[in-house]
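Q: Take a look at the letters that make up each chain.
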Amino acid sequence: MSHAKRRSMFDRKIVRRASVDALLKLSPKVMMKNPVMFVVEIGSVLTTVLLILNLTTRRGHFQFDLQITLWLWFTVLFANFAEAMAEGRGKAQADALRQAKSETTAFRVGKNGIEQIASSQLRSGDVVQVSAGQMIPGDGEVIEGIASVDESAITGESAPVIREAGGDRSAVTGGTRVLSDVITIRITSNPGETFLDRMIALVEGAERQKTPNEIALNILLAGLTIIFLLAVVTLQPFAIYSAAPQTVFVLVSLLVCLIPTTIGGLLSAIGIAGMDRLVQHNVLATSGRAVEAAGDVNTLLLDKTGTITIGNRQASEFVPAPGVKAEVLADAAQLSSLADETPEGRSIVVLAKEKYNLRGRELGQMHAEFVPFSATTRMSGIEVEGRSIRKGAVDAIARYLQEHSSQMPAEVREAVETIARSGGTPLVVAENGKALGVIHLKDVVKGGMRERFEQLRAMGIRTVMITGDNPLTAAAIAREAGVDDFLAEAKPKDKMDLIKREQAEGKLVAMTGDGTNDAPALAQADVGVAMNSGTQAAKEAGNMVDLDSNPTKLIEIVAIGKQLLMTRGALTTFSIANDVAKYFAIIPAMFAGFFPVLNALNIMHLHNAESAILSAIIFNAVIIIALIPLALRGVSYRPMSAAALLQRNLLVYGLGGIIVPFAGIKLIDIVIVAMHLA
Amino acid sequence: MSLNGWLQIVVFFAAVLLFTKPLGVYMARVFQKQRTRLDIIFGPCERLLYRLTGVNPDEEMSWGVYATAMLVFSAATLVLTYLVERLQHVLPLNPQHLPGVASDLALNTAISFTTNTNWQSYVPESTMSYLTQMLGLATHNFWSAAVGLALAIAFIRGIARREMKTLGNFWVDLTRGTLWVLLPLSALFAMVLVSQGVVQNLKPYDTVKLVEPQAVTGTDGKQTTVTTQTIAQGPVASQEAIKMLGTNGGGFFNANSAHPFENPTPLSNFLQMLAIFLIPAALTATLGQMVGSPKHGWAVFAAMALLCFVAVLTCYWAEAHGNPLLHGVDQHVSALHSGGNMEGKEVRFGIANSALFATVTTDASCGAVNSMHDSFTPLGGMVPMVNILLGEVVFGGVGAGMYGMLVFVIVAVFIAGLMVGRTPEYLGKKIEAYDVQLSMLYVLIFPLLILGFAAVTVLMPRLGLSGLANHGPHGLSEILYAYTSATGNNGSAFAGLNANTHWYNYTLGIAMFFGRFMMIIPMLAIAGNLAGKKIVPASSGTFPVTTPLFTILLTAVIVIVGALTFFPALSLSPILEHLLLGAGQTF
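In order, the protein sequences belong to chains A and B. Residues in the first sequence are numbered consecutively from 1010, following our numbering. Residues in the second sequence are numbered consecutively from 238, following our numbering.
Simulated from the structure, these hints should not be mistaken for lab results. Please note that a few of the clues may not be correct.
[Stated by the list, open to error] Here are the simulated distance ranges between beta carbons:
no. : chain 1 : residue 1 : chain 2 : residue 2 : range
1   : B       : Phe256    : A       : Lys1455   : 31 to 37 Å
2   : B       : Gly769    : A       : His1070   : 55 to 61 Å
3   : A       : Pro1221   : B       : Ser432    : 56 to 62 Å
4   : B       : Ala424    : A       : Pro1221   : 48 to 54 Å
5   : B       : Glu297    : A       : Asp1494   : 33 to 39 Å
The beta carbon of each residue, even a glycine, is placed where N, CA and C say it ideally should be.
Looking at chain A on its own, in the form it has when it is part of the complex:
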């Protein structure tokens, strides 16, 4: 989807398609969903019928009545065009995605060996084999093997990614291509329900439902429309009483100018464009509701590793316990890490080699038995040649020592604290129930994180760093990164508890996650962003998927959510503020013919009654077109406090909304008078 980013706002193809769609959308069935524009459509039909009737009876002022009728239709069409434009951009993206969805052959692993079937015949639960060069036939989970996969069809990222059985990188997406090796995949979705299908439906806006805030705003706009309808309908009796009756054309013009057509016409375009912006950031949201919620987030839970700090910690130092030689510690540390394929484990092997010239040994001949890391013991280690080596967090090792009726030497504890306070991660090594010393793992905070957290703080969002580190280490990194709070020694349940605690206080929580054990928390969070590289369970639990698997993107997602809401608010305010000028154009035009003194209200000095009304209705229609780019792009947003934002936006869209139409209407008046249209 990288090509999506390059597409210009008014792509010719999209504009052409949108123009046709704008006409198709005139169907009352479609229009009824938008009460404001529906009223305009009814008004247009009314004036059209009247225009034809007047033509046969030779009444009315044809040139003026015709222009009013045409501009009323234009108002409806412009609003439809705005929506079609927003949808068109999504449709273009969907077309690109469909190409990836071409039919492929799947190699299903059945009871009688491998059989070839069409990918469209695959059902959830089937097992398929995919080898290098083949297209993955459907969404699934790698159950055997490891392979590099080209996912550029959905992420736009050309660098291949690794997908392997087990762990948090097991999910594969249909339509992506295996570049090397062979993997066995268990299919997890039925045809038509795949990730790609969902994505296409999403960007096309086919499944788009109105979001809660959009519904509320629609009600407000419908309410305002009824109020203005009342004001206009009752004006005729007052006008009759005053012996100054008005034509239907003028009354409909007044009504259409007053009802909030600007926001009414652009509202759904804003919503579609918001989703579209998210897609352009390579994030898929399952619902617009999640995008709105992102704007409201109070608390951001960020995993330390990979989000706040650069990927992985590196071993930097061995601190031996009293009476233990550094070489002994390094040797034990290296032994215990040989089978540890984590980057930290590898860095320990490397450090021991570099500092003490200890070569990595071949484990095959050593009859070694590995003790893998588990979330409950929080230790890993090795049983080899009568040696029992363990390494882990200080409290885990302390417990292990206690089981062997031994104790952690005070010096080791001191070393642990010194390392933790400096922001490093201490890893204690013990052998046969005796502490040997500490490995210093260093954490490196990503550049620019502090500034981003400051921006978030200005927006009123609290950041909480989640880490498995001990509290001291966590505090040091939290301080260095500038987060507001941290959750140390976090187990999946702690994360869940924290989310629930925050939510009980009325806060909205956002988090990212990729592992299966993140799934419950992702589901509980108001905004749960799953990494595309993560497990299927995580992707299903969250309400967004980040195709780039970049946890920092949460910050952008929040900004997009806020921008969406701000755009709605700004255009609503603008739309209502516009009415002031329109009154000053239309009211004197309506009645000055009967009461010349009312020309005093014609403060714009519009040329005559007809030019005034026409200018107002033209401005009202044209402003919709003029604001399409703003609606699609969203109002500019820089992180700042709500008070500052409000002040800025009220000035631009509130005060601006009062002033702009005065200038606009006057300008149009000059033009149409020059063109002898009124």
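Given the structure of chain A, go ahead and fit chain B onto it with the hints provided.
A: Structure of chain B alone, referenced to chain A:
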């Protein structure tokens, strides 16, 4: 305009400001059942009342139950007043032997006083007996104000409470509001009024010999010489106090607060205006206190004060400039006369105090008058009308002004709140579709009744227009004002319109009834819904409701919504009249 006039206006605002916090905090204590100094006196009365009526004061009510209790109470007292009016000729305390009141007028009056409107289609001193005035009308002055107060408190609770289904107990709020707030203040104020010369007796009317007999022509064309004058009497001070404090406005006499027995001195006039704003202004402090944000209370107060000040300024300016048609007449203020347009104004109050009174009485839904709004200049007369058209939220009626303002706050927060990039929230409560729907319903009913009835009326020459004293734009103003005043539960009249006809009595009655209760129901539903919500803790990302910017925003929303709704109608009435007056045409 004179320095003296300005000084009086400034002193008035300062006095309102002075009482806002102490009374507001006191009311918050009263309604939260906290200890007050008056507990010794009213505590036993309260307990006795509950025991007699079987009310369980600890029972909490959902919004529906609260609304039902309020409706039952209002209906019962409405019927009581109707019966007293109809039967006053057989009831005691009727020294003038006034007959029973006609059914349409009795109904109109009963609705009028139940809804805190106090629209009077009749001349009180020649229509209502002392018993009717005291038992039928003065009681409503207390009750309708106490109901309004209770409703405002219920709404504030809705904002302040979190994840609760209830809004308090209507009977408790009604009782405590009456005993702790209205009764002591009225008693005190009545004494002060008596000291200024307001009468308080149950005597038959006095008849006095005229110093200078007057020759008058009767309706039959015969000339008679009048030698005596009847001077109405009655328990005025006691009713006058609550008439102001409860923002009721129904005069004991037809001349209302222009009558020397109701409002004899400049001091009594000043205190009456202060009494109108006293409770509505203090409610802003109560709001701040109960929601835990006194600053928010002040921000709302500031919006009200700002709107009020601009209105006074406009009205005073328009009236002080006098009538442009009176060329060559000195209309400047001088030591000898007050200058400006003095038609329909009392000389003992002058221009500034008449303009201020007209603004105050229509900002609040009081409706008492010390001058005749019909005789104001077109722009000066438009000020009271616009005040009511804005929804009477500029301090507003006792309670009604507060909850009306809070609905506007919700609309303002919703429109502009989005611009801070969050779904709108008010003091931590998210404003969602349901709240917006009910707020819009609340906002919509008001123009529906006013414009709807006025539009129908102007199209009916026989029923609607025959009662008009003036035609042209001024006549339209008179009709618009009547329905505005009724729907807004104000009760002041533009005069010039004979409203004691079947058409006006019934339609104005309906306008008053729906203008009160059809707006209360959605309002309480919003409160009930808000009470059940969580409170999102405030942060720097939260929409600020304590800043001057919020005050400006709120003011702008009120003015723009009001102006956009009524500008077309106003442009054919006072605005047109003003412009025509400048061109030398009168009506």
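Q: Are any of the numbered hints broken by this structure? If so, which, sorted upward?
A: 1
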